[in-house]
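Peer 1: All chains, full assembly: derive it from the sequences and hints.
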Amino acid sequence: MYLTDRSAPAEAGTDQGRRRGLRPGVAPVVLVLGTVSLITDISSEMVTAVLPLYLVSTLGFSPLAFGTLDGVYNGVSALVQLTGGHLADRIRNHKLLAGLGYGLSALCKPLLLLVSSIGALGTVLALDRTGKGLRTAPRDAMISLSTPSGKQGRAFGVHRAMDTTGAMLGPLAAFLILSAAADGYDAVFGVSACVAVLGVVVLVLFVPARGQRDPGAAVDSVAGEARAGRTSDTGVLAADAGQEGRTGPTGVAHTRVPGPRQDAGTGRADATDVPEPLPLAGQDGESEAKAAVGKPPVRVREALALLRLPRLRALAGCAALLGLTTVSDAFVYLLLQRRAGIGDQWFTLLPLGTAVVFLLLAVPVGAFADRVGRHTVFLAGHGALLTGYALLLWAPSTPVLPFLVLALHGVFYAATDGVLPAALADIVPAELRASGLAIVGTSQALARFCCSLAFGAAWTVWGDGPALAGSAVGLLCCAAVASRVLRPTGGSR
Amino acid sequence: MTPLRRRLLVLVTAVLLLAGVGTGLVLHAADRADRANRPQSGGPAVSTGKLTLDQKNRLTFINAAAGPHRTAVASVPSADPEAGRTASDLKCARFYAAAGTGICLQSNPGVLKQSNRALLLDADLRTRHTYALAGTPSRARVSPSGRFVAWTVFVSGESYSSAFFSTRTSVLDTRTMKLTPSLEDFSITLDGKSYRAADVNFWGVTFASDDDTFYATLNTGNKTYLVRGSLSRKSVTTLVENVECPSLSPDGTRVAFKKRVLSRTSLWHEYVLDLRTLKETALAERHSVDDQATWLDDRTVAYALPAEGKVGTSDLWSVPADGTGKPRLLIAGASSPAPL
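In order, the protein sequences belong to chains A and B. The numbering of the first sequence is numbering that gives the first Met the number 0, which starts it at 0 and goes up by one. The numbering of the second sequence is numbering that gives the first Met the number 0, which starts it at 0 and goes up by one.
Read the hints as simulated data drawn from the structure, not as lab findings. Errors might be hidden in some of the hints.
[Stated by the list, open to error] Pairwise CB distance ranges, derived in the manner of DEER restraints:
1. Thr-51/B to Leu-112/A: 37 to 43 Å
2. Leu-403/A to Gly-19/B: 27 to 33 Å
3. Asp-33/B to Leu-78/A: 42 to 48 Å
4. Leu-112/A to Leu-7/B: 44 to 50 Å
5. Thr-82/A to Leu-178/B: 24 to 30 Å
We put the CB at the ideal spot given by N, CA and C, even for glycine.
Peer 2: Here it is in structure tokens:
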């Protein structure tokens with residue numbers, strides 16, 4: 000905790016004072032964005048929770064058609080995330096783009112009342128997903144940019160914990176409304192819209208309006224190389240090395256110019272006693288705007304040049320590789336139900352078990368990742384998932400099995416969901432942070448989407464047990480490759 | 000950025016405004032729900048009375064007319080459906096009965112989880128057995144002899160990150176009380192070949208009078224099929240494509256069903272299929288029907304349509320099964336018809 004106070008830049012002084020009172024070590028922006036996510040998740044989960052009931056009992060049609068569309072939406076959302084991330088960097092205004100995303104989703108809630116055909120309903124839900132896709136990368140970029148490198152894991156942990164809290168409160172709110180007003184789906188959608196608007200209001204009022212921060216010469220060099228078209232490996236490597244200078248905690252990093260930087264080492268060094276040049280919370284909006292005006296806009300080419308950063312490529316590649324063997328939640332719950340013989344009436348409670356563990360562990364595991372290295376924790380999270388698969392495959396069906404599997408599933412989320420974006424802080428230059436987050440997020444999401452399709456096919460051909468065994472072996476191999484690629488001292492590229 | 004004080008003022012104003020709108024919406028909906036539970040002038044006469052499932056020549060249904068008996072199982076004389084309704088204490092979302100056996104699917108939204116259950120009923124509407132359901136009730140059927148009961152629910156797997164729907168159809172043998180939790184374990188012959196897939200869904204069972212043969216909808220790979228199944232052999236065979244919610248005629252020769260007339264939309268028209276010739280006949284109803292129809296006799300089918308101008312309620316209509324004539328309003332404010 001003392002580190003943040005000591006390392007804070009002078010202009011963040013006022014925020015620092017407030018921060019101490021609130022939650023040590025987390026920038027106010029993170030708490031505000033967490034609040035926005037909490038509120039927005041209440042709103043969206045209210046709708047998700049009652050949608051099946053609404054489709055059947057009021058609109059009177061089968062939700063099957065919608066179920067098949069949903070997979071497609073998730074793919075679309077991942078691609079929109081890429082657009083959102085790049086646009087946010089391009090216009091140098093993360094807040095504006097996140098606001099547009101939150102606003103679009105808020106607009107969709109009252110529209111739900113007006114549509115009664117599955118086609119129109121599908122369109123509204125697709126728009127809602129588009130809003131979610133647009134806001135994700137700029138929001139994570141704001142969290143990332145407002146937090147010193149050594150506290151990224153904790154910051155994302157706080158955000159994800161608040162987000163999950165909202166996701167759990169949503170269904171509660173929806174069913175309280177339905178118990179007060181039988182068949183009051185219009186009230187649920189209306190209240191959901193009001194809650195969503197409140198989320199946008201909080202975002203507009205309390206997230207500082209800033210364009211891109213000035214991350215220093217190092218970042219300019221990356222952008223400069225790319226702009227000049229010098230995207231050769233040496234050019235980018237130089238940029239990468241330059242970036243070391245920005246966050247570089249030790250002289251060691253500078254000497255290791257060609258090759259990926261030591262992530263775990265960085266985390267450790269940050270946590271001990273090296274001053275941080277960040278955070279930039281509390282920076283004056285006007286001067287930033289001026290700084291932004293002076294710069295040419297970020298172009299697609301520069302965002303693409305990110306892919307030439309070896310460490311980003313390694314992380315995005317590993318996230319995708321591991322995503323390819325990460326069985327989707329729905330399948331995990333189905334398998335758990337079959338293995339443990341859980342009654343149908345408990346089935347809808349299984350996701351709640353994962354969420355509770357995720358909620359409780361997000362902050363401590365995030366902070367732990369800051370200390371021991373985010374790549375290590377990210378891999379360990381997949382180890383927890385692998386253990387969960389193994390239990391599903393071989394453990395005897397005891398009463399503790401569901402609790403164990405759900406706990407491991409929650410640990411997996413706590414150790415990966417916020418830790419992955421946290422790991423990007425040291426890799427992606429501030430100017431391209433949203434693009435970088437989107438690249439990694441999208442590759443992971445698309446890989447998981449492919450995994451769902453493949454798993455469904457494998458289930459069909461071989462049955463559930465062999466399909467899961469295949470995923471487990473795949474995950475083991477991918478984790479082995481990933482642990483080599485992400486190895487702290489490794490020279491692999 | 001405006002001073003903190005002004006931003007807080009804007010926030011408080013927004014919270015008050017939105018809370019006001021939200022409260023208004025909930026109160027409005029609560030009031031509407033409350034009104035629906037009070038009798039309305041001009042509505043049908045409903046009285047509490049003894050309702051048993053062995054009364055011949057009566058038609059049971061779920062009463063949707065506003066008043067204290069809303070959603071209660073009620074009955075009218077088959078010959079005079081406009082007569083006063085006799086309502087029981089039993090409230091259901093979906094109901095069916097035959098030969099003294101009844102099935103009632105209930106759905107109560109709960110704070111933590113929905114409470115969905117199926118009640119197996121004896122002729123006096125007493126609950127013989129309760130089954131927890133995996134999701135929202137959809138279809139229910141009893142075999143003509145009263146021995147077999149089937150129901151379909153929509154299962155929503157996961158609300159945390161993505162919606163995910165499938166159907167689950169269960170069959171209960173009321174003689175042995177053996178429950179087949181899911182028809183998905185039955186072997187499938189599709190277009191003459193043995194077939195297996197993870198995306199198989201069944202719904203809308205209808206039973207023949209031999210207490211073995213049944214018909215149902217099979218959905219896989221974005222197609223729906225009419226299947227004929229055998230309970231004893233645990234198998235189904237596809238017959239024709241694009242058939243949903245079949246309903247077997249009392250003489251066992253024809254199946255009334257809803258046919259999707261425009262792909263990827265919820266637009267269905269009611270048809271009758273001759274099982275011998277596989278010839279389809281469009282019925283005179285021009286509205287989209289999303290219901291499992293019921294045969295009132297060998298010449299007439301009944302089904303629910305959304306009530307015009309009223310959200311969330313339906314009327315029962317009937318139409319000749321040979322494609323002639325035109326639809327007739329059978330019972331206003333009602334659903335789930337079952338002739339006794």
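Peer 1: Next step is simple, just say for each hint if it's right about the structure.
Peer 2: Hints and how they fare:
no., hint, in the structure
1, Thr-51/B to Leu-112/A: 37 to 43 Å, "holds (42 Å)"
2, Leu-403/A to Gly-19/B: 27 to 33 Å, "violated (47 Å)"
3, Asp-33/B to Leu-78/A: 42 to 48 Å, "holds (46 Å)"
4, Leu-112/A to Leu-7/B: 44 to 50 Å, "violated (32 Å)"
5, Thr-82/A to Leu-178/B: 24 to 30 Å, "violated (50 Å)"
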